[in-house]
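On the provided structure of chain A, position chains B, C and D as indicated by the hints.
There are 4 protein chains.
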Amino acid sequence: MPEVVFSVDQAMSMRDQKVPGHNRWHPDIPPAVTVKPDSDFRIECRDWTDNQIGNNDSANDVRDVDLTHAHMLSGPIAVEGAEPGDLLVVDILDLGPVPQSQGEGSGQGWGYTGVFAKNNGGGFLTDRFPDSYKAIWDFHGQQATSRHIPGVRYTGITHPGLFGTAPSAELLARWNAREQALIDTDPHRVPALALPPLADNSLAGTADGETASRIAAEGARTVPARENGGNHDIKNFTRGSRVFYPVLVPGALLSGGDLHFSQGDGEITFCGAIEMGGFIDLHVDLIKGGMEKYGVTTNPIFMPGNVAPQYTEFISFVGISVDHETDTNHYLDATMAYKNACLNAVDYLMSFGYSGEQAYLLLGSAPIEGRLSGVVDIPNACSTLYLPTAIFDFDIRPTAEGPRKADRGQCAVTS
Amino acid sequence: MPEVVFSVDQAMSMRDQKVPGHNRWHPDIPPAVTVKPDSDFRIECRDWTDNQIGNNDSANDVRDVDLTHAHMLSGPIAVEGAEPGDLLVVDILDLGPVPQSQGEGSGQGWGYTGVFAKNNGGGFLTDRFPDSYKAIWDFHGQQATSRHIPGVRYTGITHPGLFGTAPSAELLARWNAREQALIDTDPHRVPALALPPLADNSLAGTADGETASRIAAEGARTVPARENGGNHDIKNFTRGSRVFYPVLVPGALLSGGDLHFSQGDGEITFCGAIEMGGFIDLHVDLIKGGMEKYGVTTNPIFMPGNVAPQYTEFISFVGISVDHETDTNHYLDATMAYKNACLNAVDYLMSFGYSGEQAYLLLGSAPIEGRLSGVVDIPNACSTLYLPTAIFDFDIRPTAEGPRKADRGQCAVTS
Amino acid sequence: MPEVVFSVDQAMSMRDQKVPGHNRWHPDIPPAVTVKPDSDFRIECRDWTDNQIGNNDSANDVRDVDLTHAHMLSGPIAVEGAEPGDLLVVDILDLGPVPQSQGEGSGQGWGYTGVFAKNNGGGFLTDRFPDSYKAIWDFHGQQATSRHIPGVRYTGITHPGLFGTAPSAELLARWNAREQALIDTDPHRVPALALPPLADNSLAGTADGETASRIAAEGARTVPARENGGNHDIKNFTRGSRVFYPVLVPGALLSGGDLHFSQGDGEITFCGAIEMGGFIDLHVDLIKGGMEKYGVTTNPIFMPGNVAPQYTEFISFVGISVDHETDTNHYLDATMAYKNACLNAVDYLMSFGYSGEQAYLLLGSAPIEGRLSGVVDIPNACSTLYLPTAIFDFDIRPTAEGPRKADRGQCAVTS
Amino acid sequence: MPEVVFSVDQAMSMRDQKVPGHNRWHPDIPPAVTVKPDSDFRIECRDWTDNQIGNNDSANDVRDVDLTHAHMLSGPIAVEGAEPGDLLVVDILDLGPVPQSQGEGSGQGWGYTGVFAKNNGGGFLTDRFPDSYKAIWDFHGQQATSRHIPGVRYTGITHPGLFGTAPSAELLARWNAREQALIDTDPHRVPALALPPLADNSLAGTADGETASRIAAEGARTVPARENGGNHDIKNFTRGSRVFYPVLVPGALLSGGDLHFSQGDGEITFCGAIEMGGFIDLHVDLIKGGMEKYGVTTNPIFMPGNVAPQYTEFISFVGISVDHETDTNHYLDATMAYKNACLNAVDYLMSFGYSGEQAYLLLGSAPIEGRLSGVVDIPNACSTLYLPTAIFDFDIRPTAEGPRKADRGQCAVTS
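Protein chains in written order, with our numbering: chain A, 237 to 651; chain B, 237 to 651; chain C, 237 to 651; chain D, 237 to 651.
To be clear, the hints were calculated from the coordinates, so they are not data collected in a lab. Be a bit skeptical, because a hint or two may be false.
Note that the list lumps identical chains together, so a pair holds whenever it fits in one copy or between two copies.
To be verified - In silico SDA-like cross-links for lysine to any residue, where the CA-CA straight-line distance does not exceed 25 angstroms:
#: 1; residue 1: Lys354; residue 2: Val649
#: 2; residue 1: Lys524; residue 2: Phe628
#: 3; residue 1: Lys254; residue 2: Asp302
#: 4; residue 1: Lys641; residue 2: Pro320
#: 5; residue 1: Lys354; residue 2: Pro256
#: 6; residue 1: Lys529; residue 2: Val388
#: 7; residue 1: Lys524; residue 2: Arg299
The structure displayed is predicted, hence computed values, not measured ones.
Looking at chain A on its own, in the form it has when it is part of the complex (with noise of 0.2 angstroms):
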C-alpha cells in the first residue's frame, strides 16, 4: 500500500478534515500535498454529497439531497517540476471501497444508486420518470447485490467518476462565460442548462480570507467534464488505466473523488453509478511538452486497463433520433438517440416484472456498454445498448415461450 497523501477521516465532513478538499475548480486553491513525479501514492475520497444519502429503504435523502455541496474532490495533488503544456501521466494503481470500518457512510460495505427528481437535476430519461428512487447495493468483494433490485448481481467496473488538473485563470474565464451565454438562452428552464459559480457551501481546500471569497464566486460547479478532465464518468478508467491530462497551471494540481464501485455508459440515472467513499490508489509522471508533441491541446486522452469484468453474451437494444411521443425527427441526435435506447431497455425487463423504476436504476449502475453506432445517416443517429445476459440468476433472452414474468419487488421510493 502506497503512502496515504490525502486522508479522509470518513466519520466527519470533508470540510472537517485536517486537511479539507474542495468542490469548484479553481487554480488559487491551495496545494494540499506535492509529490514527485515517478512516485506511488493513496487519496483517500468521500463519496460526492459528502455522504447525504444513507443505507435505507426510503429515497426522500436522493430527493432532498443538497447539490450545492458536490462533488467533494481531494487534493489539490501538486506535481513537482510540472509546467504548463505538459502532459500529466496518471496510472490508476487500484481503488475500492473504504478498507477500514469507518462509521456508516457509502463506501463501507454498501453504496448506492439514485435517481435525482425532476426540479433537483433530474436524470437521463427524467420525463419519464420525474420522481427520486433509490437502490441500496451491498458489495462482496468485486460483486453487488442489491435488495432493491434481485435477481441480478455483477462485478463492478469500478473507476473514479472525477478527476482533473486545475483550469488556468484563462480557462476558468471561458467556461463561465460560454456556460453562462447557455444559461442565458433559457434561464428558468426546469432542470437547469448549466450550473453557474455559486458561492454557498463553497469550500476551497486550505483557502481562506479574500482568497477563498474569490473562488467561491469565480469557481467553476464540478458537474460537467470539461478541458481539463472532470466529471468524465467514464467507466472505463479502470484499474490499470493510464491517462494523459493537459497542465495548464504551474504544478498541474490534480483533483478527483466521486468513486464508484460500478456504472454503465452513460451514468443514465445521473447519480447513476454505484456512488461510495473510498481509496485510489496513483502514480504519476510527466511528459514535458506533450500537449504540441501529440496534439492533445483539447481534452485528456487515457489508455484503459485491462481487468474489467468479461461478458460475451449481451442482449442490445436499438435507439434511433426520433420522439417517438410525437413522432418528430431530431437530426443526428444520438443522446435521443441513446435515451431511446435505454426506453426500450427498460420496456423489455418490464415484461419480466421488473418496474420501469428499478429497470432504470439497473441500466444506470450496471456494466452496460452504450455505443455510438450511426451518427451519419441522416436524419437518424442510431445508438445501442449492450445488457449483458450474465449478470441476471434467470434466462433474460426472448424466446419462443415468451418473458419470465415474476414479482420483482420494488426499489426505494419517495414516502
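Relative to chain A, chains B, C and D alone:
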C-alpha cells in the same frame, strides 16, 4: 453452404439481374422469394452503390457518386406465416466478400472507404473535411491493408450495414410526414437534413406499371435507421448475431445489403465502412406475438456474435459537447462530443505523420469503439473513442520521447 | 480469394487428383508447386481419411477405417529462396469447409467426430470407451449442431490440424530410429506405442519409381507432432495466426491438411475434432537465419489469431495424476491428470442425461480449454478442463436443485 | 469488508498466533471457527513458508528454506450443517496482499518468485537449472515489476494456491498408502518422488497432547493436489470464482492459504508464483447431497471469475514429448512436452538478452497460458505455452531484423 435464394451476377447492375432487388422501402414491393421458418439460406448482395466506385487512386468517383441509386438491397424475402406483431428472428450465420472472381467490383478481393464532399451528403467531420477522399483496402483472409494508409492492418468486424423488414403503409406514411417536417425547417441546407422520396433511379424489385410508379413516389429512402431496422450501421451485427425484427406486414418481407468488411462505431465518414459486395447466410424463425410479449414495439433488438476480433489495448480519446472553434456549449449533445473525440484522434494520428484525411478514413473503417460515456453531466455530454493499438505496425502509444513521425503517404484525392 | 496453387476435386480420392498430395513425411517428395515469399495463395484439402466416413447414423465406418491412408496432405509447397536455418513465416489468412457442393464428403456442409476402437488406435479414454462411436455435425455458418448430441451449439475454432515443413534426411532418420526404439519396448501393445514407416497405401505426391519406393519404405507416418510441426492439433492455429516453421530442406516444402471445424484442447477422441475437407488461404514469408537468431531450433513457434470465439463462463474440472481405479500415484503425469479431468467432466455431463459416449464426443469437439495447472507439486500433476456454459441451450451450472436430467438421445454406435 | 474469522498478526509466526493454523491435512485438527452457510467472511494468511524469504538480492534464503514448515494454512473453518456427500460452495469474493503495513514480510508491498535447488525439491526444469534463484516483485496496485527482471510489468492473476476440505480418516489412510508405494519405487531419488508424513515442525492448529502427536504422525503433507482440493496452484481461481469442494467430514473443515499475486499455468519454478501473505474474502454455501447429484466424487469442480487480465497477443511455444538431449520418445507425456515448451520459451527469451534463470523465473510468475494441445497423436504429446507480448516494454515479436538484444541484468543468485 445453404441454398442461394437471392442470387446476383456481379458483372451486372442490380437492375439487370434475373430477379432484381430494390432501393426504396415500401410494403408493396413483391417478395423475390418465400422461405419457411427455421430454415438456412444465402443471399448475394451488390455493394451499396451498385458498383460505382473503382479500385484506383482517384477520389473522383466518390465525388461524383450518384446516391439516388443507393442502397441496392437484396430481397424482399417473405417468411411463411409471419404476421404483424411477431418478432422475426434472424441469425447471421456467415457473410463475406464475393467468393468467386466475377468481375472487377468491390468485394472481389478489395473494398473501399470514402468521404463524400459536403455538397454530396458530407460526412461526420464535413466542416473540417469538405472534399472527397478514398482509400482502397485489400483483403487478406479476415484482414485488410491499404496502399493509401500504410502502417495499419486489421481484422475486419464483418457485418451487414443494412437489413430490415418492410414498413406497413401506415408507418411509411408517418416516416414521410415526419421527415418532410424536418426538411421543411431548413429546406435548402447543405448537406440536407433528410431525403424525401425520389422517383429518379428508384428500383422496386419485380413490381411494374402503376405499382412501380407508386413505390417510386412513396417509397422511403434507405439512408437512415428507422423502426423497421434499416441502415443501422451497427458494427456488432457480426457473424453469430441474432436479430429480432418487428414484423409489420404479412410475410415480414426482409431485405438487406450494404455489406461491410470492417467499420468502427459511427461509420463516421458516411461511406465509412470498408464497403463491398458479397454474400450473407441467414437463418430465420418467428416468435409469434413477440412484439407485445417482450415490449419490442419501437426498434429491433439483437444479441451480438462472439467472434469479433479481440483487442485489449487502446488509445482512447475524449470529446465533450463544446464547439471549440467558437467556444460554445451544446447542451448534452453526444453527437458533437463524439465529433470532438474523432477530431482529437485525428490530431493525435497527425502527430505520427498521417494526413488528416488518412486519419479520418482510418477511423471510419478500423475496429474502433465509440461510447456514450457521460450524458447527464450538464451541460457537457462526454463521448469516447477507443483505437486499438495492435492494428498499427509501429508503436502508437504516448511516451516521453514523443511520436515516431514518418512520411506516411496520402490517400486518394480528387483531381 | 487468392490463387489456388493446390486444387482438389472433392469427388475423387487424393490419389486420383491431377497433382496428388502425399501421406508420409520425406524430403524427396517433389514440390507440387513453387511460390514466392510475400505471396498469398489457397490450398484445397481432403479430409484426413480421404473421405472414408459418411454422413449416417452408424459408427461402423469409424470402426473399420483404414488408417494407412492417413493423413492425406496437400503439398508440398516450395518457397523460393528458403534455406535450412531460415524461419518460414506462415500466416493463416482464412480457412473453411468446401465452398461449393462438390459431392457428399465431409466439409460439404457437415463434418464428423469419431472415437476409434481400442484395437484401431483408440482414443484418450480408450480404457473406459473401447468401442467406436461417431457424431455428425451440421454447419450453420460458423456454428455447428449435431443430431447425435442435442442441446449444444457452438462456434467453431476453425483451424488446420496438421501443417509442417519437410524433414531433412538426417532428421527423418533420427525420427525413425527413436520411434522404433520406443516400439521395441512393447512391440505388441494395443494400441501401438508408435507407428513405423509402412509402404501399404503410401502416397508420395508426383514421385514415382524408385523414389516412390524409397519414400514408402522410409517416410515417417503423419500421426505425431515432431520438430517440423506436423500433427499439432493445436486449436489455437486459428484465422489470423502466424506460424514460424523451421526450414530444414531447401525450399522449405510446406504441406498440410486435416482441417478441423472445431476442437477442444487435446483432441481427446483422437479423431476428435469436427473433421472436414476444405480450403486454407496462406501467406508465406521468410526470416533469413531466423532459427539461430531467435533460438527456434526444436519446434515451431506461433502467434495465435484474435477471432476465436469468446466465452467467459465455464464449468471447470480438475484432474490429478492418480489412477483412481487402482488408487495409484503416477508421478507428475499431466496426461493422466487431464484424463481424469476429462472423466470428471464425462460424469458431470451424464448427470444431465447424456450418455458417456455423447459426453466424450462433445468434449473432443467443443471449444474446451485444457490447461497444465500444476506440474511441480509432487507427486500429483494437476490438469484442468474448462467447458463453456454458453454452448448448452439449458442451464448446465450446479445449483441446489440438482441437474436438469433429460433424455438426450444417443450418438452413432457400431452394429 | 466482511468479518475476519481467522486473523493473523504478520509480525509473528503462524505458530505464535492466538489461534494458530496448521500445515498438515488431518480430520482431527479442531476447527478454528464455525461459520453459517450463506455467509461472507475474511481469512488472513501467512505466506506459505511462514516468511522465510526476505526482500534482498541473494537467493541464499531460497536455497536454505526449511520446507517442513510448509504450507502454513489458515483454518480449519467449520461450516454449520455440512455433511459428507454435500458440495461446499465457496465463492472467492476478494483477495490481496496484507492491507496494512505489519512488518517486513512478503505481501507488504512485495512478493517473491523462487527456484529451489535440485536437492531441496527442485523445480520443473531442475535438470537445466539445478541451483537456487530468486526474483523480488514490487506491487503497484494490480501490477508487479521486478528489479531482478527488468523490461516486464504485468497485471496479476491473483489467486490462492491452496484450499481444501479435510480428508476423512479413510481417505487420509489411502493417501498415505499410495504415496508411500510410489516412494518405495525409488526411495533415495533426488528430488523425492513424494513426501511422507513428517512430525518435524508439524503444526496442528489448536490440537495438543496425543491428538497433536497423532496428527504429526499421520497428517498428509500439503504439497500435492488431492481429492480434497489442496495445492491446486490453478491460476484461474481468481476473484469471482466459485469452487465446489467435496465434503468428506462433518463441518467440511475448509483450510487454505499460499496466496499468489500472479502465476502462469504450471507454477513451473515450484515456488513459482509471486508468493505473498495477505487476506482472502469468501462466501460459503452448501448443495446438500451434491456429490452424487452431480457426479462430483473425485475432485472439486469450479467456475472461474471474469476479471482476470485480458491479453490478446501472444508468442506461443510448442513442445513435444521427446527428450531432445537423448533423442528419446516418451509416450504421450504431456508433462515432458510442456517442459520442452518452457525450454523453448527460455531459449527465445535469451535471444533478447535475459539470462536463462531470469527467463525461467519470468515464465513461472507471468500470466502465461499452458495448454494440453495434443494428447492422442502417438507417440508425441504436444503442449503449448502462450506468453503475452503486452507484458514487455519492448517488442518481443519475431521480425526479419532479429531480436533486440540488450543487457537485462540478472536475478538474485546464491553466494
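Hint numbers the structure violates, sorted upward?
-> 5, 7
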